[in-house]
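Novice: Chains A and B, in that order, give the protein sequences. At position 69 of the first sequence the residue is numbered 69 (the numbering used here), and the sequence of numbers has no breaks. The numbering used here runs 1000 ahead of the 1-based position in the second sequence.
What the hints contain is simulated information worked out from the structure, not anything from laboratory work. All figures in this text were calculated on a predicted structure; none of them were measured in a lab. Beta carbons are placed, not taken as given, at the ideal position from N, Cα and C, and that holds for glycine. Be aware that a few hints might be false.
Here are the computed distance ranges between Cβ atoms for each label pair [unchecked claim]: (1) Glu1414/B x Gly35/A: 22 to 32 Å; (2) Ile1278/B x Lys25/A: 30 to 40 Å; (3) Trp1402/B x Arg128/A: 53 to 63 Å; (4) Glu1414/B x Arg80/A: 15 to 25 Å.
Computed list of chain B residues with no C-beta within reach of chain A, every gap over 10 Å [unchecked claim]: (5) Arg1007; (6) Gly1116; (7) Asp1254; (8) Leu1282; (9) Ala1314; (10) Ser1315; (11) Ile1416.
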Amino acid sequence: MSDRAPGNSQAPLVLLEQITKIYRKDTQEVRALDGIDLRIESPGMVAVVGPSGSGKSSLLHVIGAMDRPTGGEIVVAGRRLAALGNAELTAFRRNTVGFVFQTFNLIPNLTALENVALPMEFNGVDKRERRRRALALLDRVGLAPRATHRPGELSGGEQQRVAITRALANDPPLVLADEPTGNLDSTTGQLIYELLEEIARGRTVIVVTHAEPLAQRAKRVIHIQDGRLVS
Amino acid sequence: MVLLGLRNLFRAKTRLAVAVLLLALPAFLLLVLQAILTAVETHTETLKRNVDNSLQLRARGSMGHVNMQGNETILPQSALDTAIRIPGVAAVEQYLLAMTPTEGHNFAMIVGVNPGETRRLESHGEAGNPRIVAGRDLTAADRGQRVAVIGQGVARWARITSDNLASATLTLDLKRTHPVIFALERPPATLRIVGVYASGYVFGDMQLFVPIDTFREIYGVPEGISWLFVRAVSADRLPEVEAALRRELGEAADIIAPIAAAEFERTTTRAVRRFSAIGSALAAALMVIVVFFVTLINVRERTREIGTLMALGASGAGVAASFLAEALALAALGATAGAAVFAVAGSLVPGQLFGVAVSPFLPAQYKDALRGALAPAAGLGPSGAGWFLLATAFAACAGSAWGLRQVVKLSPVEAIRHE
Ligand SMILES: Nc1ncnc2c1ncn2[C@@H]1O[C@H](COP(=O)(O)OP(=O)(O)OP(=O)(O)O)[C@@H](O)[C@H]1O
Ligand SMILES: [Mg+2]
Chain A
1 MSDRAPGNSQ APLVLLEQIT KIYRKDTQEV RALDGIDLRI ESPGMVAVVG PSGSGKSSLL
61 HVIGAMDRPT GGEIVVAGRR LAALGNAELT AFRRNTVGFV FQTFNLIPNL TALENVALPM
121 EFNGVDKRER RRRALALLDR VGLAPRATHR PGELSGGEQQ RVAITRALAN DPPLVLADEP
181 TGNLDSTTGQ LIYELLEEIA RGRTVIVVTH AEPLAQRAKR VIHIQDGRLV S
Chain B
1001 MVLLGLRNLF RAKTRLAVAV LLLALPAFLL LVLQAILTAV ETHTETLKRN VDNSLQLRAR
1061 GSMGHVNMQG NETILPQSAL DTAIRIPGVA AVEQYLLAMT PTEGHNFAMI VGVNPGETRR
1121 LESHGEAGNP RIVAGRDLTA ADRGQRVAVI GQGVARWARI TSDNLASATL TLDLKRTHPV
1181 IFALERPPAT LRIVGVYASG YVFGDMQLFV PIDTFREIYG VPEGISWLFV RAVSADRLPE
1241 VEAALRRELG EAADIIAPIA AAEFERTTTR AVRRFSAIGS ALAAALMVIV VFFVTLINVR
1301 ERTREIGTLM ALGASGAGVA ASFLAEALAL AALGATAGAA VFAVAGSLVP GQLFGVAVSP
1361 FLPAQYKDAL RGALAPAAGL GPSGAGWFLL ATAFAACAGS AWGLRQVVKL SPVEAIRHE
């Protein structure tokens, strides 16, 4: 079996078929995802909304190869994730997706610049090129002057901008953001959202959000409830 | 990733400081034990070199000191030629001995020796290893000259230091008596002191070595031998040599086989080796435990961060490598701190520790000698240093293994969802 999906050139960036994710603990069973079919073809912003516990994060995690689904088939950027070994999954996470977290998750003892350069380091980009590119990216979000600051010296909004920049470091076709504005006030959240919109012009951005007004600005909104998509 | 690990080391400064201190202690202990082992093994080597193949001959029933009450009989000079002709004999060394009172009931020993031959120590003749600590040794040019090399005990008594050594002299008064020393009706002799040695024990440091011809002149002993050391070509031939010596010189001489290196090795060296192996293992275990807990705390504390790194495309092995680098650097810092303390206090502690921990296991006749020999020689052979590095690296790897396993087993989601 090949890890390439048939008809590669026509294939959508993200394709989910009958995805289930079941968490088991002792005899307890939680169906976080329950038969999800999803196709995301073109670049742009896709919002995922749904009540707490509906499976939004779980969905993002299986798409980003951070977790394996219990059943079903996922193809992202022409790669069948089920066919990839651990090393290939690592490379996939490095090159194909950029992850943005609700809690920013910057490495506290590294500067903004070093945080942004980190995924490139994992990719074996040489040091000078890493620096150059990280600075250019930080400049795009207006944070070049703060390049040598550590996360603790940045505001929440600034930290999230650094985190978004970091997600773009290896220029992935897909960016996944799990409630990126959840820890920010609405004004700052608005700014972050605009930044994601801008990014989404050239690539696919899937963003989980509770903020309905933000979701409405997305090209497409996916509703999820009890692990199922609802239209 | 390695660089990342090294930087992570300095994130929790207090923890780092405590961990380094906790590592420094066993590291120091490890070095001390290695130093003790090195000293004992050096001692064994000395014994093997100087003793194993040798026999000591003295005039029958006498200590052979030319001015000691009831012990003044010495071997006839002809014993030397007799011994040399015995098959299997490699070398013979002759010595003349006299005593001179110092303070109270104490005395020093004057030893006439052929310059270049082994400087033997009274009653520790088998175990002595005197090292020159100031000035120089006797040389062939000193034959017949009024010069001497003295032990540091004698130097202390005569107030001779390395500063005034250049002009130091010592006068032997042959008429002075002592409960066991009788007077010799001979003029006093002034000796120029050219060197000071340290033997490592008090009595061994109370000797003066003078060229044997000088001794003969001063004490008026044109011929005769106090001690004759006969060295066989090999330890195997020793019994044969001993039998021949008994046959030829048994009438006139007591033949003494000093406690052999093998005996020393069987008792002392083995005891010390065992002690230092156990102690080293305990110290290494302590290092392992410290690294273990520090790594575990770090992994727990940074679980989310590990997940983040993996989400960004780091491999589990890569993250584990950064933790390993951190553990290695931590162990190296601890070892360095321990080595620094060792460099400062290392000359004092081995002696103390030896006295408390090692000497109870040793035969009585070696305790003092060894303990003394340790103090100035807190050195560490290359093998000791090698063991130390190995133990440090081992502590880092073994200590961090469990934590690293946790890292590798972690999936990015688990780590990120971790609270
Ligand atoms: N490791 C786990 N073990 C057991 N159950 C889990 C685990 N992770 C998630 N779940 C459950 O799976 C369901 C979906 O969780 P998920 O985090 O995807 O929801 P969500 O939509 O992101 O919620 P929220 O909006 O609160 O972040 C929830 O019921 C949750 O309790
Ligand atoms: Mg969630």
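Novice: Evaluate each hint against the coordinates.
Specialist: Verification of the hints:
no. : hint                             : verdict
1   : Glu1414/B x Gly35/A: 22 to 32 Å  : holds, 24 Å
2   : Ile1278/B x Lys25/A: 30 to 40 Å  : violated, 46 Å
3   : Trp1402/B x Arg128/A: 53 to 63 Å : violated, 38 Å
4   : Glu1414/B x Arg80/A: 15 to 25 Å  : holds, 23 Å
5   : Arg1007                          : violated, 6 Å
6   : Gly1116                          : holds, 64 Å
7   : Asp1254                          : holds, 77 Å
8   : Leu1282                          : holds, 35 Å
9   : Ala1314                          : violated, 5 Å
10  : Ser1315                          : violated, 5 Å
11  : Ile1416                          : violated, 7 Å
Checked against the numbered hints above, the structure violates hints 2, 3, 5, 9, 10 and 11; every other hint is satisfied.
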